[in-house]
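Visitor: Use the sequences and the hints to build the structure in full.
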Amino acid sequence: MDVLRPFRTLLSIKHDVARSWQAKGKHLVGWSCAYTPEELIYAANSIPIMVSGSLEPSKHADVYLPINTCSFVRSCFDSALKGDYEYLDGLVISNSCDNRNKIFDLWKHHVKIPYVHFINTPHTRTEGTHNFFYDEIFRFKTSLQVTFGEKLSDTTLKNAIRIFNENRLLLKKVYDLRMKDPPLISGAEALEIVLSSMVTSKEEHNVLLKRLLAGASNRADPPKGGVRLLVSGSVVDNSKPIRIIEAIGGSVVADDLCTGSKYFWDLVSSHGDPLRAIAKRYLDKVSSSFMLEPGTNFSHTIEMAERFDVEAVIVFALKFCDTHMFDAPQLVKEFEARDLPVLYLEWEHSLSGSAQLKTRIEAFLEMVKGVG
Amino acid sequence: MVEAKQKRRRRLQATKGFYKAYIKKFYRDAHKAKAEGKPVAWVASTFPVEILQAMDIFPVWPENYASLCAAKRVAVKFCEIAESRNFSKDLCSYARCVIGSLSDKENSPEEGLPRPDMLVASTGACDTHFKWFQYIGDRFKAPLHLLNMPYNISGADSEHLEKAHIEFYISQLKELIDFLEEKTDTKLDKKRLKEITALSDRTSQLWGEIQHYRKTIPSPMDARDAFSAVFFLLSIPGSPAAVEFYERLRNEVKERAENKFGAAETENYRLVWDNLPPWFDLKFFEYLNTLGAVVVAETFSHVWMGRLDPSRPFESFAKKYLPNFANCSIDRKIHLIQDLAEEFSADGVILPTNWGCRMMSIGETAVKEEVYRKLGVQSLIVNMDSTDRRNYDEAQIKRNMEVFLQVLNEKNQNG
Ligand code: SF4
Ligand code: SF4
Numbered sequence: 001m002d003v004l005r006p007f008r009t010l011l012s013i014k015h016d017v018a019r020s021w022q023a024k025g026k027h028l029v030g031w032s033c034a035y036t037p038e039e040l041i042y043a044a045n046s047i048p049i050m051v052s053g054s055l056e057p058s059k060h061a062d063v064y065l066p067i068n069t070c071s072f073v074r075s076c077f078d079s080a081l082k083g084d085y086e087y088l089d090g091l092v093i094s095n096s097c098d099n100r101n102k103i104f105d106l107w108k109h110h111v112k113i114p115y116v117h118f119i120n121t122p123h124t125r126t127e128g129t130h131n132f133f134y135d136e137i138f139r140f141k142t143s144l145q146v147t148f149g150e151k152l153s154d155t156t157l158k159n160a161i162r163i164f165n166e167n168r169l170l171l172k173k174v175y176d177l178r179m180k181d182p183p184l185i186s187g188a189e190a191l192e193i194v195l196s197s198m199v200t201s202k203e204e205h206n207v208l209l210k211r212l213l214a215g216a217s218n219r220a221d222p223p224k225g226g227v228r229l230l231v232s233g234s235v236v237d238n239s240k241p242i243r244i245i246e247a248i249g250g251s252v253v254a255d256d257l258c259t260g261s262k263y264f265w266d267l268v269s270s271h272g273d274p275l276r277a278i279a280k281r282y283l284d285k286v287s288s289s290f291m292l293e294p295g296t297n298f299s300h301t302i303e304m305a306e307r308f309d310v311e312a313v314i315v316f317a318l319k320f321c322d323t324h325m326f327d328a329p330q331l332v333k334e335f336e337a338r339d340l341p342v343l344y345l346e347w348e349h350s351l352s353g354s355a356q357l358k359t360r361i362e363a364f365l366e367m368v369k370g371v372g
Numbered sequence: 001m002v003e004a005k006q007k008r009r010r011r012l013q014a015t016k017g018f019y020k021a022y023i024k025k026f027y028r029d030a031h032k033a034k035a036e037g038k039p040v041a042w043v044a045s046t047f048p049v050e051i052l053q054a055m056d057i058f059p060v061w062p063e064n065y066a067s068l069c070a071a072k073r074v075a076v077k078f079c080e081i082a083e084s085r086n087f088s089k090d091l092c093s094y095a096r097c098v099i100g101s102l103s104d105k106e107n108s109p110e111e112g113l114p115r116p117d118m119l120v121a122s123t124g125a126c127d128t129h130f131k132w133f134q135y136i137g138d139r140f141k142a143p144l145h146l147l148n149m150p151y152n153i154s155g156a157d158s159e160h161l162e163k164a165h166i167e168f169y170i171s172q173l174k175e176l177i178d179f180l181e182e183k184t185d186t187k188l189d190k191k192r193l194k195e196i197t198a199l200s201d202r203t204s205q206l207w208g209e210i211q212h213y214r215k216t217i218p219s220p221m222d223a224r225d226a227f228s229a230v231f232f233l234l235s236i237p238g239s240p241a242a243v244e245f246y247e248r249l250r251n252e253v254k255e256r257a258e259n260k261f262g263a264a265e266t267e268n269y270r271l272v273w274d275n276l277p278p279w280f281d282l283k284f285f286e287y288l289n290t291l292g293a294v295v296v297a298e299t300f301s302h303v304w305m306g307r308l309d310p311s312r313p314f315e316s317f318a319k320k321y322l323p324n325f326a327n328c329s330i331d332r333k334i335h336l337i338q339d340l341a342e343e344f345s346a347d348g349v350i351l352p353t354n355w356g357c358r359m360m361s362i363g364e365t366a367v368k369e370e371v372y373r374k375l376g377v378q379s380l381i382v383n384m385d386s387t388d389r390r391n392y393d394e395a396q397i398k399r400n401m402e403v404f405l406q407v408l409n410e411k412n413q414n415g
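Protein chains in written order, with the working numbering: chain A, 1 to 372; chain B, 1 to 415.
Source of the hints: derived by calculation from the structure; they are not laboratory data. Keep in mind that a hint or two might mislead.
Cut-off 30 Å, straight-line C-alpha distance, at most; resulting in silico cross-link-like pairs (DSSO-like, lysine-lysine) [as the list claims (entries may be wrong)]:
no. : chain 1 : residue 1 : chain 2 : residue 2
1   : B       : 374       : A       : 108
2   : A       : 280       : A       : 173
3   : A       : 358       : B       : 34
4   : A       : 240       : A       : 280
5   : A       : 333       : B       : 183
6   : B       : 77        : B       : 34
A short list of chain B residues far from chain A (calculated; beta carbon distances all over 10 Å) [unchecked claim]:
no. : residue
7   : 37
8   : 74
9   : 164
10  : 172
11  : 195
12  : 234
13  : 287
14  : 347
15  : 362
Here a beta-carbon is modelled for each residue, glycine too, at the ideal position from N, C-alpha and C.
Guide: Rendered as structure tokens:
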């Protein structure tokens, strides 16, 4: 479908897209954690670019990283070592998980990026942590101003908030297309749409989203549908795993991914001091598993399962992602208690061993169909 | 043969019967405290335990318990129980072991860990600590408090910490104290905190002296003793028992150092040891002795030390805990290992990784490279697991170790 193609294209030529913005005078700032306040980057006449990995084996990174490292982090580092991100003017890292923390020095030593900034992100929400995080965001703002010589005024910040919020609302509408049965867009398509928002200007992305929403309801090639699934996990930065699921009778209609619904679900308040509003949004947003919530962290996941009326759940833990691996057993229980069939899988970012994954998913889908 | 081997190690008097005399007693006391209705907290390391001690909350350390299960050879069994409940075999073996032990009371050494009234952890060492405790908290319906520690990205030492980091840490301590006061219904007694802080400071000072004597050639103390004796510094630093024990140990080590009496009969290679030992096989260090190698410094023995000013306990805790290398960029570990290698006249560095631990695994290649570049001292990365024996290929590890010592030997002869 034509209105969908631009999203795929953006992803397939993401490095060229980034460079084209640079040619237009924008600074390019890489980020890797969904807790990075991208609005600030945008307000600094820059384009925030998500640093992601590839499906290739991470030969270059393997020299420096032991095999028991998160394979997403490893793959990103591998891409950087290959020079895929040499155009970046800056990089923001935060202490969201051990894998990210501990690799910071390796980035610093082995990947030459002119400007690297670190944001300290608390793991709980209290008045004290909110104040601290605000100070961190303020520090980031100052650092961007000094580095790029751009002024981040309330007006530029408010403008960035408006554009980002619009993007979030549009993405929600795109997600709503999946409430139908069969859904109007597939899970792989939905993921590509969200991922493509991370490699270009949000303003431009908004234009594409509006076009898509106008044309989606009468598309000639709607997805076939299948067992309605929620995919739960951390980072999925390539649609291939979802394609695998959807090629064998699954229909991914919902997710709780850091690169999916958790990325855009919450808006920044447009009232009051914009910097405070941004700090608040990021610390208060739908939690990643590294945030400590009283009780469990699963309310968003369950909300997604209900809203999109799923029949089954695949918990897709990226190998060596500790916080998610710790959540998995509990999450499985949560869904079992709700009588939803759950499959727990551990996967490698490169999808090595995907034949086995496929077999297990196939068997699971058969089982679900049999029950239903 | 066995006898001959044992001869090579000369046990310190102070650590003889350590398990019975101190570890068993510690767990007995913990159960007793629980039975008497005293609050028991589960604590994860990199935590200002002095505050708990000052509030008469009994601290128990699941990490220590896991190492004990490993030594008693029940850890693998417990890990398997956890894995059968969907806890990934790639998770930290400490966590898997303790989670599994909860379902097998019968085989749990020292009658298991007493049930927690509360759990406390910090973000300073790893994600595992609070994710693991989150699960335990749910399971026992016990509250968990998490102390946020700003990640020390510049690797600053206690004198160069960012002011904002110290301030935030202190504000986090106040949150912690509010939590503890509410849960125990008692107020923190500032005077008592001062006393405990003074004791903890003395503990660190003594431990520092003990380490100092290990710089002597030959070293009067080996890793096997250090990995037992460090228990007090880690678990109950602010206690008279810790001070009493370390005074005794210090005296003995001092005397040995003065008489040039080494921990091993022959000391051809002096080694620095990073991270954790194989808790299930502490005899490994005796095996090293038979090869003429002695571990003279462990990073583990150095990162938990920290002098404290009893008149400013909170600031002191910030200065003690924020620079712990677990909470810092790798640069800090590189510097520490370089310092140890130099000060302790080391010939080589052993860098054991830990399968389920990112903190102890990522960055060891950088340590190896940098230490060699700066000092010309070689390192050996040993892929292993501290607690889950299944991730420990003994034959392979011993082969690598022997080859490594051979390399050091050639270097010594040529240089
Ligand atoms: S996938 Fe998990 S381990 Fe990897 S970067 Fe994300 S949170 Fe960290
Ligand atoms: S071994 Fe590593 S992951 Fe496990 S508790 Fe210790 S620091 Fe955390």
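Visitor: Take the hints in turn and mark each one as holding or not.
Guide: Hints, verified against the model:
1. Restraint check: the Cα-Cα separation between residue 374/B and residue 108/A comes to about 18 Å, which is no more than 30 Å; the hinted pair holds.
2. Proximity of residue 280/A to residue 173/A is assessed by CA-CA distance (about 24 Å); at most 30 Å being required, the pair is judged to hold.
3. Taking the CA atoms of residue 358/A and residue 34/B, the gap is near 50 Å; set against the 30 Å cutoff, the hint is violated.
4. Only pairs whose Cα atoms come within 30 Å are accepted, and residue 240/A paired with residue 280/A is rejected, the gap being roughly 34 Å.
5. Restraint check for residue 333/A and residue 183/B: satisfied, since their Cα atoms lie roughly 29 Å apart, inside the 30 Å limit.
6. Distance hint between residue 77/B and residue 34/B is fulfilled; the C-alpha atoms sit about 27 Å from each other, no more than 30 Å.
7. Look at residue 37/B: its CB is around 26 Å from the nearest CB on chain A, clear of 10 Å, so calling it non-interface holds up.
8. The non-interface label for residue 74/B is consistent with chain A: the shortest C-beta to C-beta separation is roughly 21 Å, beyond 10 Å.
9. With 10 Å as the threshold on Cβ separation, the claim that residue 164/B sits away from chain A is violated: the shortest Cβ distance comes to roughly 6 Å.
10. Taking the minimum C-beta to C-beta distance to chain A, about 7 Å, the non-interface status of residue 172/B is violated against the 10 Å cut.
11. Every Cβ of chain A is farther than 10 Å from the Cβ of residue 195/B; the closest lies at roughly 28 Å, confirming the non-interface assignment.
12. With a cut of 10 Å on Cβ distances, residue 234/B stays outside the contact zone with chain A, its closest approach being about 20 Å.
13. With 10 Å as the threshold on Cβ separation, the claim that residue 287/B sits away from chain A holds: the shortest Cβ distance comes to roughly 24 Å.
14. Distance to chain A confirms residue 347/B as a non-interface residue, since its nearest Cβ pair spans about 24 Å, more than 10 Å.
15. Look at residue 362/B: its CB is around 4 Å from the nearest CB on chain A, not clear of 10 Å, so calling it non-interface is violated.
The earlier numbered hints that this structure contradicts are 3, 4, 9, 10, 15.
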